[in-house]
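A.B. asks: Residues per chain, in single letters:
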Amino acid sequence: MSLSSNSTEGHASKESTEQWSWLSKLFHWATALLIFIQIPLGFYADSLRLSPFKLDVFVWHKSLGMLVLLLVAVRLLWRIKSTIPAAVAGTAGQKLLAKLAHSVMYGLMLALPLSGWLVSSATNFPVKLFWLIPLPAISGPDEALKSLASEIHEICVFALIIVLVTHIGAALWHHLYLRDNALKRMWF
Amino acid sequence: MLRAAVKLTVTLVTALLWQPLLGADWQSEIQNSQLNFAASFQNLPINGRFKQFSVKYTTDQAAQPVDLQVRVIVASADMGNTEFNTEIQALDWFNVADHGTAVFTGQRFEIAPKNKAGIAFIAHGKLQLKGIEQPVTVPFSWRPIDHNQVSMSGELSLNRTDFAIGQGEWATGDQIGLAVRVWFDVRMLSNHD
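From first to last, the protein sequence lines are chains C and D. Going by my numbering, the final residue of the first sequence carries number 188, and the count climbs one at a time with no gaps. Going by my numbering, the final residue of the second sequence carries number 381, and the count climbs one at a time with no gaps.
If we strip away everything but chain D, and leave its shape as in the complex, we get (with noise of 0.2 Å):
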């Protein structure tokens, strides 16, 4: 009798704390964020990251996601050294003069299948980088960490030249790879409390 008391209780807080999770708008909040990437040299990895993004997220009533869209400030990124920074500005590489925002916007959803990071998602979309759009997928996992904070992560990977990033002598993949790496885990906080 006690331990189906004790059982009931335990579903009903788990509920009550997964409600807000559902029907809800999600946007990420930076210092507790992380996007990066990876190129490559001779195969090995050249680590980066991008400084500032912005993710917002929609669930509906189900917890399912209905919209998602994520900004990056392309200037930002981070390859950790001045002579690099420098260069992967430039009109060769990502042109931040002229296309200083990527924007990536999901269009249609589904669930992959289950696995330990949490619930699973794959977003298929559109990336804009450089100006040039190009359908892109982005699987990610989905965790509670409180009632109205979770954490998103996933890893995808994205060829260069899809986006005319490295251009002229870097455009073989010789020895700046063409596959790069992007990773990332964001804290996304509920607008609704």
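The shape of chain C in the complex, shown without the other chains (with noise of 0.2 Å):
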């Protein structure tokens, strides 16, 4: 389903033209989207003191990390079945680190959604998604399974933001500095 098929020029080369699909494309944005909207609203709805206003940003953060989690499992498999074009030029070390830090992040997109629904279960508060959709408990009230995975939640989000800004940093590098193909491949 890949849109491009120049990926067999040869040589490794800095202009490579492969471009990422447009499924791969809208998966990458709207994860993207989503995840700079619910990293603020994180830290915002967690240093609110409790009122109707704290439940109803609870409610928003709550919805969208569930739609994370939906996009990044149907992505997880997508990936999985379709062929991704190869790595720009770069060193053995530089193409390991970009690998490392993708399982990273696809790893975070994971557990930190699924570590919020467990706090949201074990705190014994029941929500609907988008006010709409009832979010099933994945666990009993448990204060100290609550603690573990809101200590779990909140070491992710950093890993993340680090993982985050180096693979931000490494696009701009690739962009703006080797003047290769890497961030406008993934770019419309």
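There's no promise every hint is true.
Estimated spans, in silico, between C-beta atoms of each pair [stated by the list, open to error]:
(1) D:337 x C:39: 51 to 61 Å
(2) C:143 x D:320: 29 to 39 Å
(3) C:43 x D:270: 16 to 26 Å
(4) C:130 x D:259: 26 to 36 Å
Source of the hints: derived by calculation from the structure; they are not laboratory data. We put the beta carbon where it would ideally sit given N, CA and C, even for glycine.
Since each chain sits alone in its own frame, please combine them into the complex, following the hints.
C.D. replies: Structure (structure tokens):
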């Protein structure tokens, strides 16, 4: 289903024009947008004193978080099924680092909504996603589990921030300094 | 003949077993008793329970209720996590600092239509909660377990604003619903034996 097919140019060129598929691009930018909303929203919700407003902010955070989980699950299935463009030119170390960063991001994009879901369930607080869909509890009320899941959720978000800085930094470095196709081939 | 004798024996034994149930004072046994409530958020239940409460119940010779009194230590409310448990003790919610105990006193009893849960009654009385007294109706059923133990269970719905629970920004039922379901299953022990 890949839209481009000029990956058989022979030598690894900086100017490789191989594009990501439109579906990959959609998944990438949709999750990017959601994550950029989710991170500040989560910190903001956490900082609020208990009030009806806080509950509303958390309904948004949980709704978007479950949307991320769904998107990432579908995206992973799509990624396993499809062929992806070869890595742009770089050293073996750089390629390994990129691969590692991408794997860690996928892991965190699953771990964050899952640990958040666990916090919500163990807190004994029900929620209707987008005020429509009741989210089933994946645990009974459990204070110890809630603390553990909160801890994991927090560690994961800081880890994600670090990996995202690396990811965005690398994309900009490729685009602005190396002037290769790395960012362009994910753009529309 | 034999069948008649068996039938008579069974009847007599049943009557004997039931006998202490007549004209008795009953007291709840906390270990085997539950007093639960469910508030709601987005119309989904948030369950909680009161860990400390006591029920006193008196029946007359005809095993009919003559007195019912329920005392609840409001601060024992447990909603499954520390944050809620602290929040609900505050002024806007239960205000336990000023109103530590809730009391229901049955004033008039009627026999409810029989159901499969056992013998059913309706207690009309007054509930004093957060310093506010309101008439409340408590339907309950009464099921013998053995000769001096019975199970008393029932369910009712209260409007939290009748008792000023959830004031200020929580007063509208938009998020935390106004109706609170209360249900109980209390093990009652007979005082005389």
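A.B. asks: For a quick check of understanding: which of the numbered hints are violated here, in increasing order?
C.D. replies: Of the numbered hints, just 4 does not hold.
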